[in-house]
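Participant: Chain A is fixed; fit chain B onto it per the hints.
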Amino acid sequence: MSSKTANPVMHSAAWRISLWATLAFAIGTMIAFAMLHRFVANDIQRRSDAWLSGEVEVLGDVAARTPKDRLYGRVVGEVAELASKEVPNKLRSDGDANDSVFFLQVGDDGALKLWVGAGDGTPNLAAIRESKVIPDVPYDLRVKGFKKPFRVVSLRIEDGSHIYLGLSERDEMRVLKSLRVRLLSLWALIVLFGFAIVFYATRRMLGYVREITEAASRIGQSDLSTRVPTNKRNDEIGHLALTLNRMLDRIESSVHQLHTITDSLAHDLRSPLTAIRGKLEIALSSDVKVEQSEPIGSAIDELDRLTEFLNSSLDVAEAKADALKLSRTEVDLDHLVRSMIDLYEPCMSDKGLRVQMHSAGSLTVLADAALLHRVIANLLDNELKHLPASCNVWINLGTSGNTATLTVEDDGPGFAPEIVSHMFEQRVKGIDSKGHGLGLAFVEAVVRAHGGSVTGSNRPGGGAQLSIHWPREQPKKVVTPHSFALVNR
Amino acid sequence: MTYHHSMRLLLVEDELEIQGFLKQSLSDAGYKVDSARDGKTALQFAAGKRYDVLVVDLGLPDQDGIDLILQLRRSGVSSPVLILSARRSVDDRVKGLEQGGDDYLTKPFALAELLARLRNLLRRNLAASEDATRLRVLDLELDFIKRRASRAGEVLNLSPQEFVLLEYLCRHAGRVVTRSMLLSEVWGTRIQPDTNVVDVHIYRLRGKVDTEGREPLIKTLRGIGYVLKDG
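Here the protein sequences come in this chain order: A and B.
Sequential numbering of the first sequence, starting at 1, is according to my numbering.
Sequential numbering of the second sequence, starting at 1001, is according to my numbering.
Only chain A is shown next, with the shape it has when bound in the complex:
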């Protein structure tokens, strides 16, 4: 069975556990049944032997007492015939012919004196002569012409002759065979039934584990406020669910705490910033001389930069802690990148930079539109700030499988060697960089929060290369249409 068509059930842990459990169970029951079989076989043998010993004694007695006249053969023959009718485990299958018991009397001279049984007794006599006879102890005897061996007991009577009583083991074997068949079918049934029960039980158990896993992975992706399902039972799986939920409680409270800290930090910084900015603006709009307005204007610019830095820092901190709140909508990356290039192009061409974009057309991803705008703006800001005049910037947008890839390349000086390995960390920037070292950290944090990845390197031919890989899930249903509307207001 190829892995592709194989039933997923056969790859489940429940299936493997059931197989192993059933194997152990099957071996155990098989051993138990074998011992039972042995016990029954011994018991049957013991009974046959007891019967044989008893009968041969009776027959010996009869043979010894009956006068050796013409009637001797008939009397002893009748008694032997009668005895054969009381054979234990007898199955009357093959008509009246008595082939299960024989009686044989051999004289001193070794000649056949009396024969009761199927055939003329010659092969039996031959077989007896060939075998070593232990008197009074039953032994097995194979006779030519009979498929099954006989159990034979011999007795020496007073006149020096030997009598032999033989009992075919055919009936005994038949009983044992039918016992074996029954035991085997019972075994198969028990094993199958056992497998079904074990499989059902483990599947049920592991079903809870699977539910917990699924719920946990859903929680990991999006909502920290939900919990994994707990069953009422106080078993290991119940404990697992409870432990996971307790852990989630702790994570949620830490994230909540982070939100509270960042929110209050933002609030505490924003209020004075607002007041300062407002007062500066009022000072600027009242009639001040040009030489005074210049420093006030640049102070306001600095305040705005500080605000932007505050926002980015908090965003990066939250994104690194996986606590960034995303309101995902369908966003056309192609359209977004083009409109951002429209915005940046004049500034770039003023600096002598050429921008070229290659794209296969509309490319929809599920993302937080406002954050995505800032990601693209950060990338373009980055190029603007770090490239010397008359460089080229190539922007490529494409898909491979379920990934949208945006690549920004240039033929500038590239990343400084000391930052290549850790360019996405906060505050990491090249020596000559004028930025605050948050741009790429922000880009990476936002992309990662969306489940994507960013790679940066220096191109072999010189220049920097940044690639953003964005996952393209099948759009389910859009969560909040409001946030996008806000951006476009």
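The set of hints was computed from the structure by calculation and includes no laboratory data.
Any given hint could be a false lead.
What the hints assert, rightly or not - Example chain B residues on the side facing chain A (calculated, C-beta under 10 Å, incomplete):
#1 1015
#2 1203
#3 1204
To be verified - Derived lysine-lysine pairs resembling DSS-like cross-links, with alpha carbons at most 27 Å apart:
#4 1229/B with 279/A
#5 351/A with 1219/B
#6 351/A with 325/A
#7 1023/B with 279/A
#8 351/A with 1208/B
#9 1032/B with 279/A
#10 68/A with 113/A
#11 279/A with 1219/B
Positions of the beta carbon are idealized from the N, C-alpha and C atoms, including for glycine.
Facilitator: Only chain B this time, still in chain A's reference frame:
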């Protein structure tokens, strides 16, 4: 700005520093401003007078700004509300909008933007453009059907984007527009670029509109934004 003389505005802001300069600049802009420091006072003001527009800060000492707006709405106040927020997460903004606030601004903000948004809420700025297919500011004329602009009868060679930019400046002629206003209205994005991308667009536009020998119309206000002269 005489048309504001009858506009009543209720300012609900607990930080006295902010309340002070807001009150001053709003009064300068022609609004009659009442200010409250908490929700309770705000409700008392709103019960006594009718306000044309409200400016509400979300972080009030006695209650959440959104609860206050809900309470005001329930008590029959239907005037537009401009929410000021020091929180930065989008959820709060959306929540604010869903619950009856009409617009929001994140602190810190530019006064020019506050005034522009108030005008927007009061639908004052749209008066000239409601049904117009043409717009005139001094000797500058915009034709919205042909998407063409001309100055003193001479057609200006503008790109579609420059036309939209000039249109926005003309619609707000005589008033300050900030960079973030331009970014959100003309480019549909709420980013704050590290670089002077917006300025370059304005310089280019200015190069086409304010050619040599003509009176410059587009003025830069350092630290604030731009203004298109209207007289």
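Participant: Of all the hints numbered above, which does this structure not satisfy? Sort the numbers upward.
Facilitator: 6
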